[in-house]
Structure formats: structure tokens, C-alpha cells
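Visitor: What follows is each chain in one-letter form.
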Amino acid sequence: MPIIHLPARCDRAAAQALLPELQAALGSGPLQIDASATEQVGQAMLQVLLSARRTGEGAQITPSPALRHTARQAGLEVALFDRSEA
Amino acid sequence: MTPEDIQALFFVECEEAQGAAEQGLAACRAGTQDADTVNGVFRAIHSIKGGAGAFGFTALQTFAHAFETLLSEVREGNAPLNPPLVDLLLRALDKLSDHVVAARDGAIPPQDSALLMELEAAARYDAAGRFDAPTAPKAKPAKKGAAKARGDSARDDSALDALLAELSAPHAGTPATPEPREQGWQIWMRPLAGAMRNGGEPLLLLRELTELGAVCLQCDTSAVPGLDDLDPDQAYLGWTFVVPKTVSESTVREIFDFAGDDCPITIGEGESKWADMPYRPTPVAPPAPEAVEVAETEDAPAPAKPAAPNPAPPPAGQSIRIDLLKLDRLIDTVGELVIAQAMLAQRLHNEGVVANEELNMLEGLTRDIQDNAMSIRAQPIGSVFSRVPRILRELAASTGKHVTLQTSGETTELDKTVIERLGEPLTHLIRNAVDHGIEKPDERLAKGKSADGTLTLSAEHRSGHILIRIADDGAGIDHARVLAKAVEKGIVAADAALSKEEIETLIFAPGFSTATSITNVSGRGVGMDVVRQYVKELGGRITIDSTPGKGTTFTLTLPLTLAIADGMIVKVGDQMLVVPLAHVVESLRPATADVQGMGESMMLNVRGRFIPVVSVGRAVGALDAVDRPEQGVLIVVDTESAGQAVLLVDNIWDQRQFVIKSLDTHYRSVEGVAGATILGDGRVALILNIDSLVARAAGPRAVLDTIGLDTVGADIA
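Residue numbers (numbering that gives the first Met the number 0), protein chains in the order written: chain A, 0 to 85; chain B, 0 to 716.
Honestly, the hints are just simulated from the structure, not real lab data.
Since this is a predicted model, take the numbers as computed values, not measurements.
Incorrect hints may appear among the rest.
[To be verified] Facing chain A, from chain B, some residues (calculated, C-beta under 7 Å):
hint, residue
1, Glu200
2, Cys215
3, Val352
Cβ atoms here follow ideal geometry from the backbone N, Cα and C, with glycine treated the same way.
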């Protein structure tokens, strides 16, 4: 099961860089996304994460406090991290 | 555009915004403000705040926010714009400038807690006073509360980041109490792709909303496609937020001002319906697929938009930013064009084709292109003048001398390089004027002057040059004291009889300072000679005119550009040389009786004044140059260091514009030579550095060694 690590700064450039990696990792079981080092996150990355949750067998995201905080602000805590939904 | 570029752009915009705010506040201070003045200041600060937020300069953002809050009170007429308040706003602007500098240099942000408290207190005091106002609407206290809440939370930002772990704990999961949910209004927002470009980040808008106490009701993720179809540059999300009723609509709209069209919002009036309120796309916020489409069609024009944090209204004229390097290349090419045109004219002339219409047209067009290219580089001097009020405020604080500033000719344009390098000498002159020139208030009153001094800055075009005057109405120069000091320092002989002008010029002598005590403002004795050096490096001159008791005026004469100059092309023996026109006073053919020999040197009698004659031929080592003044032409020139002198040349060939080519970059620095240019026939002519040439030749026993023109000329050609 591949584990994909997110950088500290998850801006649009990071999302662009991450997308091919995620696309390549699809099909080899549920994705594991380690976002425990993430300090900053933007809308582009949130969208990539949401999309990953919906694609194929879904994705498990391990959030950092900062990511969790941002997700809560954006009303996406459940959609991103809820394990029962995935 | 890299993030660094965008950040650099932000700091350029900061500078512009600071300038605009400075102007607005100056108008407020002078009492000439209108309805839009405060609004303009507000917009300027608002744009700095927005950019600071986008780039994560928390301290700058926090300070700008407090500043802006007070301005918003002033704008809405809640705070009377009285002198103490204007003063506070000006001090806040100075502090903001410090913040910007700190953010740019990555330095530690300046101490601002005291000023922050003052700003907040001012906003609150006015709030208290407002209750008496009959027109005070109910929304005001709410807004005040909200603004304050925003201020507080913004200030806590840095701490907040550190405490994020705690915040993420379950009990903090509901940051807002239920009450605002029950009695709030709703806002729907759907950022378009443009909101994410150029460093824009819609989530920052969400954060601002949250800081107001708003809570995300729902995030519409229905438009998010699978990974295979996902475009990271598109925006797929839409949000519904509940905003507490205590927050006014305008406060929220302010947040979205930044994003403008890139983030459409709809504000709902519904109350207490949040529980059963189903998600519905709003008229303004298009549904997701449409949003994508809109964003796609916007793809082409959107990158041309400036960075997201740019809410300032577009200035009257449209403008673009150009890399200075590109501009310099254009100027360089135009220079070559001028040369090519001159060569063509020369060739035609040699072929016997006399000046025809087409050639004249070409010449006119070439000159037009040249003027236009130069004007692209030109900037109004107002950008330098606008920094002066701050200098005066700081000086007022440290010296206790309040100075009123009068400026004129701010729109006078001159070359960007000149503008950039003008700041330093100008600052020094102003510091000197206030520190040494303008008297203390009680002294002024005793002399029958107003307690506040006046400093007048003016700029104007004068026959191809820019004149900048810095005039104070202070004590003027004490000629006796200056002379005594110069004698004491050994700069002049004790028995020297000097004219008023000569004494005034002594101020520029290295190591000269008449200040009785060294202050931290000026008076270290490094001042005026350095100023003169700066001005000389710009190809300009500085003169001084002082009337005891009335004040002192410094006049800077600067060239419009550093790339092209006017000059006389003179023939000296086998050499063609260029004498910059800026130095030329007059030229004449002397009568034999006018020239008198004094040993090896000669003097020319010009209307009763004797001026030393410098043989250019001997100074540069030209072959076959005339050595008797009556055989050649004499050119009277002005110099900085040696006063007037007369240059002896064979004859004057032409007078025209020439493109300056640096000798340093193509060969090496040569004493007595300022640079080189290419003549119409393709030959290289050296541009004489009149100052050093005369100083060397007119010295007591000048060492008249040759410069070695032939070698130099061959190298450049």
C-alpha cells in the first residue's frame, strides 16, 4: 500500500506536483496520504485530497493539526478525514 | 511569475500605496481633504494589509489591520479628523513603513504594541463619542465589536499557529457558540479559478470570515471530479457560511473586495433557517459546472490581471511594469540608431548629397524615438519628494524644530537612475537645512519669524536640465564663522580674501563642518562634500546661495538622462574630442592682447577677469595641436573644483547630441576622460572630463603626461 507524503507547504504548486503521483498510485489499493508534516494548505490541495477520497478505492489521510484546522474552517473535516465514509 | 516575483511586486505596490497614503494624510493635515481623501488612504492601507495576509507577513498585517480599523471609523465620519488624530495616523504610517521594510528584508518586525494600543484607543474613544450622535445606526456598535474581534484574532495569529494542536482538540471543534448560528445571516461564496492564481488563496477569505465569528455551514464538493479529471488550477468548491448577526454586511463585503470578480458572493437575509436550509446555488454564484466553464473562458485574460491582493482602483492612466533590463536594451538600441543615422548623414554628405527631405524626416523621427524611449525611463520626481514629510517628522521629533514643507514641480520627470540616486543627497541636504539652517522656535520668534520653519522643494526643467532647489528660511550661512572655521582647519590661508560665493563653496570642502556640537542628525563633517560627490556622479552640479537671516538655497542642476548628452565636438591636433555642453559658458577667438603669459601658463582676460588657459592639446598629448591661443578657439568652461577655466582647442567642429559609451566597461577608467562616443564617420571621440582635466592642468605644477589617446581609440574601435 503506497504512502504518499505531503510537504509542509501545500500550495497550488504542491498540488500540481502531487497530482501525477496520486494518479499513478491509483489502482494499487486505497491510498495512504501522510499529511502529518503539513503546516499550510490551500484550496488546490484540499481539492486534490477530496478528489483522491472519491477516486478508486479512496484514500486515508493522516492530517496534521494545521490541516485539520483548515479543513474544519472550510467545513471539510468529515469529507476528508472520516474513516467510515471513505 | 515565481512567488518571489509576485512578492517583489507586492513590495512595489506597498511603496505606491504608502506614497498615496502619505499624500492623502498630507492633504488631511493641510485641511484640503475631500470625501475621497480618507477613502484613498483607507484603500492604500487595505491593499497593504491584503497583500501582507497573502504572503504571511503577520506582524505587518496585524498592524495594517488596526490602522485600517481606525481609518474606517474616520471614513464613516465617526472619528473627527482633528490634528491629533492626523498626527496619530501619520505616525502609524511611519510605523507601517518600518513594518514593510522589515517584511521585505526578513528582519524582525518593529515594536508596535504601544502604537497599536493608541490606534485601538482612538477607534474606541470615537466609538464612545458616537453614541451621542443622533444618526448612529444600530449596526455601528456591532461593527465595532466585530472589527475589534478581527483585530484581536489577527494579532493572535502567530500565537495561534503555535497553538494549532490545541485548537484541533475536540472541545475546540465548535469555535463559535450556537447563538450566532441561530441568529445570523448567510453568505454563499464560490471562488473561481482566478481567485487561486497569482498567489491568491480563497481559504484566506474563509479564515477572515471565521475570525469574524462566522461558521462554515456547508461546503459544496459536488463539483470535485475524480483524480483523473482533476485540474489543480481549477476551483471546484463552494461554501455556505453563517455570519453572526452582529457583523455588518459591509464588513463581510470588505473581505471579498480583494477577490473582486474572482470570488462571487451572495448574501442571504434569512434568519434561523440554517437547520433546514438546503444548499442552493445562488444567482450570483454559478453552479459548479458553470463555474468551471467561466473559469476556462477566463483563462486567457486572467493571467494579465495583477496579483490578487490589488483592490486599489485602477489609476487614471493604464500602465504596465517592464523589466528595467529590457528598457535599457531599448535605450541602448536607440543610441545605436542615433549613431547610425549620423553616419548615414555623413556618408550622404561625403557623396555630395546635400540635406534632403527624407534625411530630415529620418532625423526628426530618430529624435522622436529617442525622446520617447527616454521618457519611458523617466519618472516624476514626486516619488522622491513624497519621502520628505517623513524625514521632517523624524527631525521634528529629534530636534524640536517643526518645519512646513512646500513643494512644487512634483510632476517634473527625470531619468529613473537619477531619481534613485537622488534620494541620498537630497535627504542629506534636508537634514542639514533643518539641523543647521532653521533656527529653534524661540530664536525664530525673537527674529520676528513664524515659529515653524519652512522648507521649499521645487523641481523644474531648464534648458535640457533639471533644477532642484532646496530652500529653507533659516539663519543662512554665517560667512565669518565659515571662513574662521576654514582657516582653523587649514583649508584656506589665514589671510585669504574670499568672495561671498567662495566662502559658501567652502562648505563643500572635505572634512568641513561648522556645527559646534555633533548632533546625531548631521554635523559629522562628512556631509556636504559627500553630497557634492553624489551630485557630480550624476553628472550634475550643486550651487549654494545664502542670505544671512533669510535662509539658504541649494540648487542641484542635473542632466535629464545619463545616456545621451549635448556636447561640442572640437578638433585638437589629430584628435576629435567632445566637450560636454553642461560645462561650456562661451567660446571666443581671442585678440592677441587679451592673452597674457605668466611664465609657462597663460591667462585670458575675459571682460576684466583673468582666467587660466588650459591647452587641451598639451593636456591630452595630441599631436600638431595649436599652442598659441590666437591661432585657435578658446572655450570658457565652468568646473566644480577649479572655478572657470579656458580650454584652448584648434577649432569647434560641431555641436550635437552624443551617446555616451562608458570607457570603464569597454577599456578602463582614464583620468581626464568621461567616456567615449562614436561620431558620424564611425570614429571614436573621447568625451573630456572637464573637471579633472582642468584641475590637473591648472594645478600649480601640473604633470602634463599624455593620456595615450591612440591606444584607447584603437581599443574601442
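Visitor: Each hint should be assessed against the structure and marked as holding or not.
Guide: Outcome of the hint check:
no. : hint   : in the structure
1   : Glu200 : holds, 5 Å
2   : Cys215 : holds, 3 Å
3   : Val352 : violated, 62 Å
Of the hints listed earlier, the one the structure fails to meet is number 3.
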